[in-house]
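**Q** Residues per chain are reported as follows:
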Amino acid sequence: MKHYEVEILDAKTRDKLCFLDKVEPNATIAEIKNLFTKSHPQWYPARQSLRLDPKGKSLKDEDVLQNLPVGTTATLYFRDLGAQISWVTVFLTEYAGPLLIYLLFYFRVPFIYGPKYDFTSSKHSVVHLACICHSFHYVKRLLETIFVHRFSHGTMPLRNIFKNCTYYWGFAAWMAYYINHPLYTPPTYGDEQVKLALIIFLFCQLGNFSIHIALRNLRPAGSKTRKIPYPTKNPFTWLFLLVSCPNYTYEVGSWIGFAIMTQCLPVALFSLVGFIQMTIWAKGSTAAI
Amino acid sequence: MNNLDTLVFLEFSFENYPFSFFSRWLVLAIAMVRFYMQKGTYKGLYKTIQKTLKFFQTFAVLEVVHCAVGIVHTSVLVTGVQVSSRIFMVWFITHSIKQIQNEESVILFLVVWTVTEITRYSFYTFNLLNHLPYFIKWARYNFFIILYPVGVAGELLTIHAALPYVKKTGIFSLRLPNKYNVSFDYYYFLIIVMASYIPCKYYYTLIIPRTQ
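Protein chains in written order, with our numbering: chain B, 1 to 289; chain R, 290 to 501.
Calculated directly from the structure, the hints in this document are not laboratory data. Treat the hints with care, as some may be off.
List of simulated lysine to aspartate or glutamate pairs, EDC-like, C-alpha gap at most 20 Å [stated by the list, open to error]:
hint: 1; chain 1: B; residue 1: K227; chain 2: B; residue 2: D61
hint: 2; chain 1: R; residue 1: K468; chain 2: B; residue 2: D191
hint: 3; chain 1: R; residue 1: K468; chain 2: B; residue 2: E192
hint: 4; chain 1: B; residue 1: K16; chain 2: B; residue 2: E5
hint: 5; chain 1: R; residue 1: K457; chain 2: R; residue 2: D474
hint: 6; chain 1: B; residue 1: K55; chain 2: B; residue 2: D15
Computed Cβ-Cβ distance ranges for the label pairs, DEER-style [as the list claims (entries may be wrong)]:
hint: 7; chain 1: B; residue 1: E5; chain 2: R; residue 2: H362; range: 45 to 53 Å
hint: 8; chain 1: B; residue 1: E5; chain 2: R; residue 2: K426; range: 55 to 63 Å
hint: 9; chain 1: B; residue 1: Q277; chain 2: R; residue 2: Q327; range: 55 to 63 Å
hint: 10; chain 1: R; residue 1: F478; chain 2: B; residue 2: V88; range: 35 to 43 Å
hint: 11; chain 1: B; residue 1: S135; chain 2: R; residue 2: A484; range: 30 to 38 Å
hint: 12; chain 1: B; residue 1: P182; chain 2: R; residue 2: T347; range: 35 to 43 Å
hint: 13; chain 1: R; residue 1: F478; chain 2: B; residue 2: K55; range: 39 to 47 Å
hint: 14; chain 1: B; residue 1: D53; chain 2: R; residue 2: K426; range: 37 to 45 Å
hint: 15; chain 1: R; residue 1: Y491; chain 2: B; residue 2: Q277; range: 27 to 35 Å
One-sided excerpt, in silico: chain B residues whose CB lies under 10 Å from chain R [claimed, not checked]:
hint: 16; residue: Y178
hint: 17; residue: H181
hint: 18; residue: L269
Don't be surprised by glycine CBs; every beta carbon is placed ideally from N, CA and C.
Go ahead and model the full structure; you've got the sequences and the hints to work with.
**A** Set out below in structure tokens:
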């Protein structure tokens, strides 16, 4: 069996960073990344982007050396992706924040509303219901992160955690402040409005969860395969016939339900911003399919 | 003032748009100098030129359009931020909070804006005519060093002067309780604007050399 030689050059400066000889032809990019880390320990595999062309797309970890369009001396170009953090860490942090922050406002912890309101309770039943729904939503997200989701990328750039947490924590504080405020005004149409909103919210939570389970079942444990989602016997999945990412549809639906329930403008704005962001993501997913 | 307005309107229909902008600001400068020479004071100056100022500064929105369409090769974002900050000052501070119109800081930033715009538009005008006197080019890049911080100072002092009136009248503010369960305090918003002036304007000075 003929061995390959692999030289790794910096994509920007074309400096020779590493030379590997006696590489197995069936070696994967992941294995090559591990070998590269040995000579440059500060560049752990998650922050390496190896490509055949300095300006080209990154090679996948699963790609096999002998299947690539290279000669027996392969030249790979390296780009540093920057400090990385695992998706799981980011998700857990960005979801735990809103859960706790909302509760601080709900229990009217000191220094928020003024001393005479400290640790008092709202007299409106919708405020208690809202707290249950909001908390349920984020507990669901945390549990899904731990038990349901299967991530194709292990990591994302470190700066994302600051950006994401600012977004989630900031909006959570903003909406929680008004909903739990002593001067909160309950919905105009009273119990009818709250009941309708609760039905929408629960329906969408269930829908969102169904899609997450359906997506998980498409991808066997430990694999990074991507399969095209399709509707199943579960009626909630029939939305796949209309949209490529029904989990996002149900997510926006949940927040619209919550906005109607609380009749709080910041919640509506959060739904809108989320809708815009998820549309951008969905368009990327649709293109990939 | 009416004759000057007519003159400006004619200029506006010119093909050479920087020239029309240049002449507008020159008109404004002349009006300001005339007023001071006649009255001997700057009190009441703002009231006299305010219509012209609002007219010109609002039309600066065209500049953003020019960038978007591609006639001018500056970024839409940079121009948009610049124009927005001017429109904010004119409409949301000096127009809305009348009590501060005779402050010295208002004259300060008006003079800075006038000199800046005259320099800038004469630069563009001469550029389009392919005959750029060295002085104009020098002025464009060097006046900015003094004018920019002075202008920022004038604007900041003006916003600061407006604060007590904003607090008293509660202008542009929405208080609880209301059925949308949201509130907005223009007073604190202005304080945040003032705090963000330094980093934002500093960041702008880093960008400007690159857009040339």
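**Q** Kindly indicate which numbered hints from before are broken by the structure, ordering the numbers from low to high.
**A** Nothing - there is no hint that the structure violates, so all of them hold.
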